[in-house]
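K.L.:
Chain residues, written in single-letter form:
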Amino acid sequence: MRFAGTTDIDAPRERVWAFLTDPAQVTTCAPDVQSLEIADPHHFKVVVRAGVGPIKGTFTMNVQFLELDRPKHAAVLARGQAPGSAVEMVSNMDLSEFDENHTVMEWSSDVTVSGMIQQVGARLMQGAADKITQQVFACIKAKLEAPVTA
Amino acid sequence: MAVQTAPTTSRGQRTLKIHVSVNGTPHDVEVEARTLLVHFLRENLGMTGTHIGCDTTNCGACTVLLNGRAVKSCTLFAVQADQANVTTVEGLEKDGKLHPIQEGFHQEHGLQCGFCTPGMMMTAVAFLATNSKPTEMEIREAISGNLCRCTGYVNIVKSIDHAAKAMRESAEGKA
Amino acid sequence: MAVEIGGIGQSVKRKEDARFIRGKGKYVDDVKLPGMLYLDIVRSPLAHARIKNIDTSKALKIPGVAAVITGKDLVPLNLHWMPTLMSDKQMVLPTDTVLYQAQEVAAVVATERYIAADGVDAIEVDYEPLPVVVDPIKALQPDSPIVREDREQKNNHIWHWETGDKAGTDQAFRDAEVTVKQDLYIPRIHVSSIETCGIVASFDKVEGKLTVWMTTQAPHAIRTVIALVAGHLGLAEHKIRVISPDIGGGFGGKVPVYPGYVLAIGASVLTGAPVKWIEDRAENIQADSFARDYHITAELAAKKDGTMQALRVKTIADHGAFDAAANPSKYPAGLFHIVTGSYPFKKSFVEVDGAYTNKPPGGIAYRCSFRVTEAAFTIERLVDVLALELKKDPAELRMQNFIPPTAFPYTSALGWEYDSGDYGRALRLAMDKIGYAELRKEQAEKRKRGELMGIGISSFTEIVGAGPSKNFDILGIKMFDSAEIRVHPTGKVMVRLGVKSQGQGHETTFAQIVAEELGIPVGDIAVEEGDTDTAPYGLGTYASRSTPVAGGATAIAARKIREKAKLIAAHLLEANPDDVEWKDYKFQVKGVPTKSKTMQEVAFAAYTNHPQGMEAGLEAVDYYDPPNLTFPFGSYICVVDIDRGTGEVKIRRFVAVDDCGTIINPMIVEGQIHGGLTMGLAPALYEQINYDEQGNIQGGTFMDYLLPTAMETPNWETAKTTTPSPHHPIGAKGVGESATVGAPAAIANAVVDALAHLGVRHIDIPITPWKVQKILKEHGVAE
Chain A
1 MRFAGTTDID APRERVWAFL TDPAQVTTCA PDVQSLEIAD PHHFKVVVRA GVGPIKGTFT
61 MNVQFLELDR PKHAAVLARG QAPGSAVEMV SNMDLSEFDE NHTVMEWSSD VTVSGMIQQV
121 GARLMQGAAD KITQQVFACI KAKLEAPVTA
Chain B
1001 MAVQTAPTTS RGQRTLKIHV SVNGTPHDVE VEARTLLVHF LRENLGMTGT HIGCDTTNCG
1061 ACTVLLNGRA VKSCTLFAVQ ADQANVTTVE GLEKDGKLHP IQEGFHQEHG LQCGFCTPGM
1121 MMTAVAFLAT NSKPTEMEIR EAISGNLCRC TGYVNIVKSI DHAAKAMRES AEGKA
Chain C
2001 MAVEIGGIGQ SVKRKEDARF IRGKGKYVDD VKLPGMLYLD IVRSPLAHAR IKNIDTSKAL
2061 KIPGVAAVIT GKDLVPLNLH WMPTLMSDKQ MVLPTDTVLY QAQEVAAVVA TERYIAADGV
2121 DAIEVDYEPL PVVVDPIKAL QPDSPIVRED REQKNNHIWH WETGDKAGTD QAFRDAEVTV
2181 KQDLYIPRIH VSSIETCGIV ASFDKVEGKL TVWMTTQAPH AIRTVIALVA GHLGLAEHKI
2241 RVISPDIGGG FGGKVPVYPG YVLAIGASVL TGAPVKWIED RAENIQADSF ARDYHITAEL
2301 AAKKDGTMQA LRVKTIADHG AFDAAANPSK YPAGLFHIVT GSYPFKKSFV EVDGAYTNKP
2361 PGGIAYRCSF RVTEAAFTIE RLVDVLALEL KKDPAELRMQ NFIPPTAFPY TSALGWEYDS
2421 GDYGRALRLA MDKIGYAELR KEQAEKRKRG ELMGIGISSF TEIVGAGPSK NFDILGIKMF
2481 DSAEIRVHPT GKVMVRLGVK SQGQGHETTF AQIVAEELGI PVGDIAVEEG DTDTAPYGLG
2541 TYASRSTPVA GGATAIAARK IREKAKLIAA HLLEANPDDV EWKDYKFQVK GVPTKSKTMQ
2601 EVAFAAYTNH PQGMEAGLEA VDYYDPPNLT FPFGSYICVV DIDRGTGEVK IRRFVAVDDC
2661 GTIINPMIVE GQIHGGLTMG LAPALYEQIN YDEQGNIQGG TFMDYLLPTA METPNWETAK
2721 TTTPSPHHPI GAKGVGESAT VGAPAAIANA VVDALAHLGV RHIDIPITPW KVQKILKEHG
2781 VAE
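Chains as they are written, first to last, in this note's numbering: chain A, 1 to 150; chain B, 1001 to 1175; chain C, 2001 to 2783.
Since the hints were made in silico from the structure, they are not lab data. Hints are supplied without guarantee of correctness; some may be wrong.
[Unchecked claim] On the chain A side, residues computed to face chain C include the following (Cβ under 10 Å):
(1) Thr60
(2) Asn62
(3) Val113
(4) Gly115
Each residue gets a CB set at the ideal place from its N, CA and C atoms; glycine is no exception.
Just chain A, with the same shape it has in the complex (with noise of 0.2 Å):
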């Protein structure tokens, strides 16, 4: 699956990218995480719960920042595993700046989902996929549009 977009944030670009680039705080935004090991500032593993339909998964999500190319460009590999199911993600999001307090964040992402989700939610899985990128947009947008406190 494909999946890609356009997201406006008011919010500087360097503070986009060091939100997006930095896994402590984009974890955050990461649907229903239950833990975040860190191994480097390129390396971490994170779990998540995720499902489509009536199979939900907990997920061990090992993620790789593949390109860094600050403040522009990243890429991102993740691969994980529920029981019965895997997924492989691979993202790549562009910053552009509108004006030095308005980012464009142009994103896009390859999703390959197997086993037991791929086969019993195949057909909700584009719904489900599109729900989920939602919901993890609109909380990154909102975490760095809030006033930054001091």
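Given chain A, work out where chains B and C should sit, using these hints.
P.N.:
Relative to chain A, chains B and C alone:
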């Protein structure tokens, strides 16, 4: 069922006490909340006539009657049968006399491997209670939730029709 | 008298019904032993991946989990690989790489079923995905990912097999007046018996005896395989007992040895406790033996007047990751070379190439008689393609070409000696029953009004009864079969067979054979099968072989008994044995019908008053080596109406004329045909198993894999002709799979016939409403 106060097993599974009547015999038992009705019947009560044929509620091999209604026991928890009357295939024969549906299946060769048969018969029993003079299409529709790989359904339809006739005649005889 | 004893030809009601209608059948999951543990399996979600790590620690902490088994644990026992029935090998558990989605990766043994499932969920496997290949044609290309790194030759080509006269056939095609060529893809399907596979393995450490209850169609072969594969663990064949109890449908899916069986046996040997493994439906569909997946290119050469002359067929066979099809060892493509069918091709050449892909292994589990369904579909579709090309009526073209009844025994261009047949008679009967001429008239009128109606014919020749020891063996074991009959003093009979029913009614039909031969009522004859401790060695029930082979053994064993009984009768009648004859189910002195003895009287005498010098008792055993296969045949005609709005194909009528030689029990034969037709309807219109590019199964549960229900299944109309087999002791040919073999082509031919006037020549099965709609739209006739 006060779920919040339910005790747990050493593995952390919630258990509940239920009272179920199966084929007329009352049972007071404690079961794990997650135990499926079909497993309760087969394993806890040792009544293996009800069979498991799938995991998506499609095949109907597990069909039993819950307060007279045909239900797929693989898609119910045992705790959902609390205070209910369950009828399984083992409860069809009474005092050594076969139920007309059992006679029908035997006379019309409505079974081959026998695996779908209990579920098929229970569905038929519930159906005939609502429709004593069904057409062929009505029978086919009634059993469309029960899969059979062996018979091709033709003789199953005949078996149910045979039972319907026998039950009508016996009702008329009594009238 | 025949009616009273329930002999051959009587529709005796089934003895096995008594337990099934009461819910008292004993299937493998009904077996419960004290201290029994449950085994559940972790399966790969990926189709091709390297296993980097398996973390079993969380699972082992769950109270009630007794053990976790991974590939590493099996290596020191040399059980991580096992041989397949086709002399390939198959992983029991991987140590390194998984090769198909749903492949077994680890096993959990626990005190309860639900805890075993908890254990499976708690195991974490770290996979590194590898490139996947699911298309066998791509797999055979040089740049394809390699599925089997364990093989010496690094490619995905398993074997090449061919038969026939290549040069002669090529010449015939060059010289032909007319040739037609058709590509056909017969997709993967799954047998899906309502009972899934399972085992209860119980190893007695003190006695060193392994007892196994297993969903197997061939218990003796399994026993020998266990002894060969696990012999080094101390399992000796006389201390292995395989019990095949009641089986909820087999159809070939319960012949192979699945890793779950081996794991349960291993777990029982290691723990000393009984271990039960019952797969769920998703596992069954996604990992167990499939059928079909043949990519075929078929060509027919003929004269302008329609006389068929030559047949050339090339096939790519997709076998998944291991070649585990249960074929006789000499025939990797099964009996596919029956593809010349009911027609006397002078020249023919067939070649098949097997390919590995990242899919589950198997190939012939779906009531198909060792690839005969693929063959029958190919030839019957091709004949219709020729009919279209020559603008001839398909019935006429078949009649014109059929092997004539006088030509039998007939040796085909591909080497089979057909025993008997009368193809024209069967087709004529089918045409009469369905009113063929009127239907063609109706079709012509409907076409003028734009209504789509089609008539499809399938005149198939089946090949069953594997098989003569000269050419047939499975893993080296010859394919004879056996019957052991013992008559008790009070005239009751015990019969034990080497075959194993999964619903075919052997307890009734084999009793009928004995009843006929011995004059003893069928109610006094008990038939047992499936326990290797007591049954004589047999190769089991599949490919419709029980009646042709074990039926032969039963008749011959019974006749051996009758020979001895005659001597005892003569002794009782104080007559010369030459003056005693078997007449009206009794021994009579020739010409003096009042001087007779029943078999019951003889039986009693066999223990109390037998002639001096003769052994007491009245029993016999026979191991029957069939001299040839048998060739049931039939003609099916199907009438369809196509909905121009939805593309739905509605079967208006289906007439099936079958000839299986002597019919033992007409009621049971009819039931077999009904079931077989339904399993022919299923792949024609509903069922297919597909994989996406990542090797994900598209539809691994009954939500997506559509078994026909009573709503989709038409009212099958059956009729028969009877052309006995000249070489079979009772003239019977077997019938279990004929309908599955013959039906798909009749249905496909009917749909193509409905659309032929639009220029449609072929549609691959399953013919879904979506496919039909597309065609209707392309031809501008969709509503």
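K.L.:
Under 10 Å is the threshold here; is the Cβ of threonine 60 of chain A close enough to any Cβ of chain C for the hint to stand?
P.N.:
holds, 7 Å
K.L.:
Hint glycine 115 of chain A vs chain C: min CB-CB distance below 10 Å?
P.N.:
holds, 3 Å
K.L.:
Can the hint on asparagine 62 of chain A be confirmed by a CB-to-CB distance to chain C that is less than 10 Å?
P.N.:
holds, 8 Å
K.L.:
Do the numbers back the hint for valine 113 of chain A, that is, is its least Cβ distance to chain C under 10 Å?
P.N.:
holds, 8 Å
Comparing the model with each numbered hint stated earlier shows that all of them hold.
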